[in-house]
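Trainee: These are the residues of each chain, in order.
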Amino acid sequence: MRKIFILIVSMFILLTACSQTASTVSNEDKEWKPKRPIEMVAPARAGGGWDTFARVISNVIMEQEFMEQSIGVINKPGGTGAVGWAYIQKIQDPHTIFTTSTTMVFSMLAGNSQYSWDDMTPIANLAADYGIIAVREDAPWDSLTELMDDFKENPEKFTVAGGNTPGGFDHVQFISLAMEAGIQLEDISYVTDQSSGGLPILLNGTVDVLSSKLGSGVVEQYRAGEIKILAVLSEERLEADSVSQFPTAVEQGYDTVFINWRGVYGPGGMTEAQVAYYEDVMRQVSESDQFAAIRDQFGWEEMFMGSEEYTEFIRQEVESNSKIMEELGLLN
Amino acid sequence: MNSFNGIIEGFQVAFSLEGMLFVAIGVLIGTVIGIMPGLGPITAIAVMIPITYGMDATFALVMMAGVYYGSIFGSSTSSILLNTPGAASTVATTFDGYPLAQRGEAGKALAIAAIASFVGGTVAAIFLMLFAPILAGLAVSFGPAEYFALMLLGMTAISSLSEGSSIRAFISAVLGFMAVTIGIDSQTGTSRFTFGNVNFLEGIDFLVIALGLFALAEVTYLIINRRDRSFEKISNIGSIRLSKKDFKEISGPMSRHSVLGFIIGILPGAGATIASFMSYVTEKRLSKNPEEFGKGSLKGLAAPETSTNAASTGSFVPLLSLGIPGSGTTAVLLGALLVLGVQPGPLLVSEEPSLFWGVIASMYIGNIMLLILNLPLIPYIAKVLKIPRPLLISLVLTLCMMGVYVISFSTFDLYLLLFFGVLGYVMKSLRFPAAPFILAFVLGNLLEENFRMALTISNGSWMVFLGNPVVLALLLLSLLSIVLPNLRRVKKKI
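Chains as they are written, first to last, in the working numbering: chain A, 30 to 361; chain B, 736 to 1229.
Hints listed in this document are in silico derivations from the structure and should not be mistaken for laboratory results. Mixed in with the good hints there might be a few duds.
Label-pair distances were calculated between CB atoms; the ranges are [said to hold, decoys possible]:
# : chain 1 : residue 1 : chain 2 : residue 2 : range
1 : A       : Q345      : B       : F930      : 28 to 36 Å
2 : B       : S1085     : A       : S317      : 27 to 35 Å
3 : B       : L1207     : A       : Q345      : 47 to 55 Å
4 : A       : S99       : B       : A1208     : 55 to 63 Å
Far from chain B, some chain A residues (derived; all Cβ distances over 12 Å) [what the hints assert, rightly or not]:
# : residue
5 : W146
6 : K181
7 : Q213
8 : V286
For the chain B half of the interface with chain A, some residues (derived, Cβ under 7 Å), not all of them [unchecked claim]:
#  : residue
9  : Y788
10 : V875
11 : G878
12 : Q922
13 : L936
14 : G938
15 : G1004
16 : G1058
17 : G1070
18 : Q1078
19 : P1081
20 : S1085
21 : S1143
22 : F1144
23 : T1191
Cβ coordinates follow ideal geometry from the N, Cα and C atoms, glycine included.
Please take these sequences and the hints and turn them into a complete structure.
Mentor: Okay, here's the thing in structure tokens:
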């Protein structure tokens, strides 16, 4: 037994050696500039939304030389963001910022993290992806109103699929539309297709309605004549040619807007000068031609907000979503 | 005839000087990363993403695809030599590959793995080219009920992975099931068995469990029994030449599982890992000598190796034609595609024929290059076994930890790895097989998720499993595979 004990102890020593050591906190100046390379944390795995976003932004910053220091992406996956946020808050270093999106608010409302949106500093929002409601091309409904009316009459006929678990974007946006249409919550049967986002089971007829986002490959399916997009949950019609023909839910009489916004946050306790520095960099990113091309590529819309506007926007997001989460019993 | 022109264009791309160069770079890097114990396709692709920025999309994709199947090709090496799978999809390779290496036939095992990989990859590439237009339809043909039935069929193999005691096998499988339920439940959004720890919210990574139960458990075993003389012959590599008889033995599994692997690979909910397990258990069931499996059967090695490579090629169907990844690895690949400006979808074939067909055509060259690259190197790679044991063990330990850390960047996962290493050693000492644990962990999530999805969609009616011919056939097969072996046993007794 002693051998095993020694083995285990030596492994522990090895593991402890791998752990993070605390970094120093830099002092504040009126004019702040980073003194070291910037760490852009994606609180998710390589290949996910937050990761891709972190990589494209860092890439634009490096190529256009918007910063004097270099910037590199690191991944801190786990706990739908909670592990990454805990890391950010632990080191509290203004050289470490992170990418985020609507998912952060849902994850925090669900109580996944000990931190909330108020604990960290909004720097800027850069892009938006809008929610959509889609059905198969051969489906009998041609508008959101037709779909919702039929749903209300025969709720047992319908199943909705999405890529997020209940309490996530795809789920909550459909619930909020349904609540407006007067459909009972317990009448909605929703399934989560985590691996494929619900698209295959919509296409093969297993489910009737897909609740998803524009940037999730639905536009390609629409162009191929496989699906109909009954509503985009944006305030006004989108401008880009490829998506301008989709009607909004608002114009069909539903006051539901669902934006998957994507932005950049910093740790709590950043000084005004630090926020201003990053905000300026992000504005340059947003205004660059390179980022405009990236937005088109991913199906994102332009949506720049500076720190102040972003803070207020997040406050409204939290308010409207926590009501729905409470109805669903998922608020923590 | 449009697709014919496309294919020609594709070959032009793949056989151009740059095309060949990027395939070569891709498969070389893929193999090198794949060969490292604990490192596999996810790491290989993640490493390559920054390099592809600003590259021509077609060549970048050709290269990334090369990295992907090259690393799968290469990762069987560490499974065979060191019991250390670098990817989820090569866990099944350890079942018979490692016993073969321990018997002093590492050279032969590596050669079979290389040939089987080549056959699987090439046959799948041919299928891809011949049937690409209709395959997209096949990819979406499976609904939750079908997936559930398919996973159930896989689960019935638990008793066949028992190595003697089926009670022990079932206990092991239940543990695997328990481990996979940890995390946020996909259908309700509630967290299960996380004990308030955020690190458990996204569940436990497969690689942590595979490396813990297989590699760490084996290393611990070797350390504790280091004075055991019987380990000395392992440093024999044996001949890499296969006899006619060997070829005859593996030709059956290779032809069967390049088809099976390819089909499972096309299904976006399944992927290469499930394909490799399915093929292993199917081959064992078909075999006249199932007792050889797990002890160094050539068939048991060829089947999952062929299947994994065929499936990884097949997974390009949902990836390119639907934009849906079938596994964690292809999810990273999809991210890379989007960054390159490629918009996967049903129209990709007609709008970017040279890209679509170029990638497929490059797979032929890639697979040939891999074979040429790997076969002559086997004697040198297998020399790893000649490294003095203390050194080798430390190397494996370090690389396992690296493999886990580069995927999650979390020290918590390292503790988990250690935990599963200890669990694996305890199981090994008490003669509980680890394979059923792994099988239950791989299939459990999809089994449960699809079962609940199917019932939600049918409003709770069980007819969803009985009214559909595909589901019914799969369920009957599952039933048969449980009943038949027992019937045979009863017959023997009479």
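Trainee: Would you say A/V286 is clear of chain B, with no C-beta pair closer than or equal to 12 Å?
Mentor: holds (23 Å)
Trainee: Does the interface hint hold: is B/S1085 within less than 7 Å of chain A, judged Cβ to Cβ?
Mentor: violated (9 Å)
Trainee: Holds or violated: is there a CB of chain A closer than 7 Å to the CB of B/F1144?
Mentor: holds (5 Å)
Trainee: Does A/K181 really sit off the interface, with its C-beta more than 12 Å from all C-beta atoms of chain B?
Mentor: Fine: 17 Å to the nearest Cβ keeps A/K181 off the interface.
Trainee: With d taken as the least Cβ-Cβ distance between A/W146 and chain B, does d exceed 12 Å?
Mentor: holds (17 Å)
Trainee: Under 7 Å, Cβ to Cβ, is where B/G878 needs to be relative to chain A, so tell me if that hint holds or is violated.
Mentor: With a minimum Cβ separation of about 4 Å from chain A (threshold 7 Å), the hint on B/G878 holds.
Trainee: Regarding the assertion that A/Q213 does not contact chain B, is the least Cβ-Cβ distance greater than 12 Å?
Mentor: Given a closest Cβ separation of 15 Å, the condition holds.
Trainee: Hold the hint about B/S1143 up to the distance rule: shortest CB distance to chain A must be less than 7 Å.
Mentor: holds (6 Å)
Trainee: Against chain A, with CB atoms and a cut of 7 Å, does the hint on B/Q1078 hold up?
Mentor: Holds, because the Cβ-Cβ distance from B/Q1078 to chain A comes to roughly 6 Å (cut-off 7 Å).
Trainee: The hint says 55 to 63 Å between A/S99 and B/A1208; measuring C-beta to C-beta, is that right?
Mentor: With a Cβ separation near 58 Å, A/S99 and B/A1208 satisfy 55 to 63 Å, so the hint holds.
Trainee: Can the suggested window of 28 to 36 Å be confirmed for the beta-carbon pair A/Q345 and B/F930?
Mentor: The hinted range 28 to 36 Å holds for A/Q345 and B/F930, with Cβ atoms some 34 Å apart.
Trainee: Restraint: B/Y788 near chain A, CB-CB cut 7 Å. Satisfied or not?
Mentor: Nearest chain A Cβ about 6 Å off; hint holds.
In this structure, the earlier hints numbered 14, 20 are contradicted, and the remaining ones agree with it.
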